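A.B. asks: What follows is each chain in one-letter form.
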Amino acid sequence: MSSATMTAEPRITDILRGNRDNRPAANRAAAGHYRQLIEGALENLTTRASTLGPLVIRAHHLDPVPVVHIGPAFPLAQLRGALISELLRLLSTGQSVRRPFEDAREAWAFSHPHSPLHRTLEECDADDLARVATDVTAHAVTLIKALGPVNPHWQPRTDVSVVQHLRGGDIVVRDRLDLVLGSSREAVASEALFDVTTSPLSSRSDAVLRYHALMETLRTGVVPLRVVALSTATGDRVQYEVDDALLARAVSELQTAIITEWNRP
Amino acid sequence: MSTLTIRRLSAIALSELAGDAPQESFSFTDDHRASLMARFRATGTTEHRKLDAWTVESSGAASSAFRWSPTNARRSLGTPALRLVTSGRARHVTEAVTLCVEDHVVRAASGRARPGSLSYWLTNLSDVQRAVVIADTVTWATGLLDVMEPVTYDWTMAETDAYYDVATARVSLRGRRDLCITTELTQRVILRFRGGSPTRSAGMGLRADLVMDGLSRPDGQTAQRFIGVWPDAGLILSIDGNVENARAGARSLVRTAMMRGHLAQHIAA
Chain A
297 MSSATMTAEP RITDILRGNR DNRPAANRAA AGHYRQLIEG ALENLTTRAS
347 TLGPLVIRAH HLDPVPVVHI GPAFPLAQLR GALISELLRL LSTGQSVRRP
397 FEDAREAWAF SHPHSPLHRT LEECDADDLA RVATDVTAHA VTLIKALGPV
447 NPHWQPRTDV SVVQHLRGGD IVVRDRLDLV LGSSREAVAS EALFDVTTSP
497 LSSRSDAVLR YHALMETLRT GVVPLRVVAL STATGDRVQY EVDDALLARA
547 VSELQTAIIT EWNRP
Chain B
8 MSTLTIRRLS AIALSELAGD APQESFSFTD DHRASLMARF RATGTTEHRK
58 LDAWTVESSG AASSAFRWSP TNARRSLGTP ALRLVTSGRA RHVTEAVTLC
108 VEDHVVRAAS GRARPGSLSY WLTNLSDVQR AVVIADTVTW ATGLLDVMEP
158 VTYDWTMAET DAYYDVATAR VSLRGRRDLC ITTELTQRVI LRFRGGSPTR
208 SAGMGLRADL VMDGLSRPDG QTAQRFIGVW PDAGLILSID GNVENARAGA
258 RSLVRTAMMR GHLAQHIAA
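Order-wise, the sequence lines are chains A and B. Residue numbering for the first sequence follows this note's numbering, beginning at 297 and increasing consecutively. Residue numbering for the second sequence follows this note's numbering, beginning at 8 and increasing consecutively.
Everything labelled a hint here was simulated from the structure, so no lab data went into it.
Stretch-level coverage of chain A by chain B, calculated; a stretch enters the list once three of its residues show a Cβ under 8 Å from a Cβ in chain B: (1) 388-395; (2) 401-414; (3) 445-452.
All of these numbers come straight from a predicted model, not from anything done at the bench. Glycine is no exception: its CB is placed at the ideal position from the N, C-alpha and C atoms.
Please work from the sequences and hints to get the whole structure.
C.D. replies: Written out as C-alpha cells, the structure is:
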C-alpha cells in the first residue's frame with residue numbers, strides 16, 4: 297500500500313488523474329474474492345431478531361470507539377460538512393462560486409429539503425449564523441484553491457450512492473462518494489475517488505478512504521485507481537493507490553464494524 | 008416460466024442477457040385487451056387511477072402530489088442528454104445536460120411551457136439551483152453511459168415512456184423504459200435504470216413495466232426481455248417477455264388498481 301501525505305502544491309484534480317502512462321491494468325477479478333471474504337466472516341453470526349430489520353452500516357461505523365458527540369457545536373460541524381460537500385458539487389459542474397456560504401446553503405437546502413439540519417440552521421441566532429458563514433467560507437476557500445478545474449471529459453460524478461446487501465439482505469452496507477472521476481470500463485484502472493472532510497485528517501479518514509475504495513470495487517466489479525482525501529480544515533491531503541493490501545485491510549475493518557454493530561445490545 | 012434472473016452488474020452480464028434473450032415474445036391481442044379492460048372495470052370505482060411500476064411495487068400506496076426535484080428531473084433531462092452524446096451532438100455529458108437545460112429555459116421563455124412542466128420549473132430556479140440539477144443529472148447519465156458503453160450490441164435511448172389508457176375503465180398506465188438494445192437475433196430488449204437497491208417487489212414492478220410496454224404498442228408485442236439495472240447496488244434483474252410474466256404483470260396491475268380504488272373509497276368515506 298503506497299501512500300504519500302503532502303501539505304500543499306499539487307491540485308487535487310492533478311493528483312486524482314495522475315500520470316496516465318503509469319496506470320495498472322483494470323482488475324476485474326478481485327471484487328468477487330473480496331465479497332466472498334466479507335460474506336465468509338459473517339456466516340457464523342448469531343441469528344438476530346427479524347423485528348430489528350436489516351443492520352445498516354455506514355462509514356462512521358468504522359470508528360473502533362464510537363465518538364460521543366456532545367455539545368452545540370456538533371450539528372453545526374455536520375452542517376459545515378454538508379455545505380462543503382454541496383460546494384464541491386457546484387464546482388464539479390463548472391459553476392463559479394462567488395458567495396461560498398450563501399451558494400452552498402442555497403444548493404444544500406434545494407437538494408436536501410427534508411434534512412434535520414434545517415432546524416439547526418433555523419435555531420442559529422445572528423452571531424451563530426455569522427460564525428458558520430465565516431467558517432464555511434474559510435473551508436470553501438481552501439477547497440477552491442486545492443481542487444483545480446474539473447475537466448468534464450473526466451466524467452465527474454458527485455454524491456454517488458453505493459449500497460450493498462450482505463448475508464442475504466440481513467446487512468445493508470451504504471456509502472456516498474463525494475466525487476468520482478474516470479471510468480470503470482477502461483482497460484486500465486481509471487476511476488479516482490475524492491473525499492472532502494472539514495475535520496483534520498486522521499487514521500479514521502484513512503479508514504474511510506479504504507471503505508470508499510472497497511465499496512466502489514464491490515459496486516462496479518472493478519478496482520479503482522486511487523483514493524484521495526482533502527481536509528479543508530488544514531489543507532492537508534492524502535492519497536492511496538488502491539491495491540490488494542488496501543482492499544484486504546478495508547475488508548477486515550468492515551468485518552470488524554459489522555460484527556461490532558451486530559453484537560451491540 | 009416467470010423466472011426472475013439476478014446478476015451482478017457488468018457489461019459482460021448485460022451483453023449476455025441481451026444476446027441470449029428468447030427470440031419469441033408474447034403479444035397482446037384484441038381479446039387480451041378487452042379482457043384486461045373488463046377486469047379493470049370490475050375493480051369498481053369511478054376514480055381516475057394512474058398506475059406505474061412504483062404503485063405496483065408499493066401495493067397501490069397513495070403517493071404525495073408530484074413536485075419537481077433534482078432527483079426526479081435527472082431522468083427527464085438525462086435521457087435526451089444521452090441522445091445528444093451518443094449521436095455526437097455533444098462532446099461530453101456535462102455539455103449535453105447543460106444544452107438540455109438551456110433548451111427547456113428557452114422553451115419556457117418563449118411561452119411554450121405549461122405551468123407545472125419541467126421547463127417551467129427549471130426557468131424559475133436560480134443559477135445555483137440549476138447547477139445542482141445539472142450535477143445530479145450528469146451523475147445519473149454518466150453512470151448509465153459507464154454501464155452501457157462496453158455493451159457489445161447496438162442500443163438507443165427510449166424516445167418516450169410507454170403510455171396506455173384502458174378504455175372506459177378510467178385507468179392510465181405508464182411504463183418506464185430508458186433504453187432499448189437490439190441484437191441480430193432479438194428485436195427488443197428494454198432496460199430500465201433505477202436508484203437505490205431492488206426491493207422484494209422489484210420483480211413485480213419489472214413485469215408491470217413489461218406489460219405496459221407491450222400494451223402501448225399497436226401490435227401488442229412485449230419486449231423479448233425486460234432488464235432492470237440498479238447501478239448503486241451493482242445488480243441486474245431480468246425477466247423474459249413470455250406469457251407467464253405478461254399474465255403476472257397484468258394481474259399485479261389489476262390488483263393495484265383495486266387497492267387504489269379501495270383507498271380512494273376509504274378516503275372518501
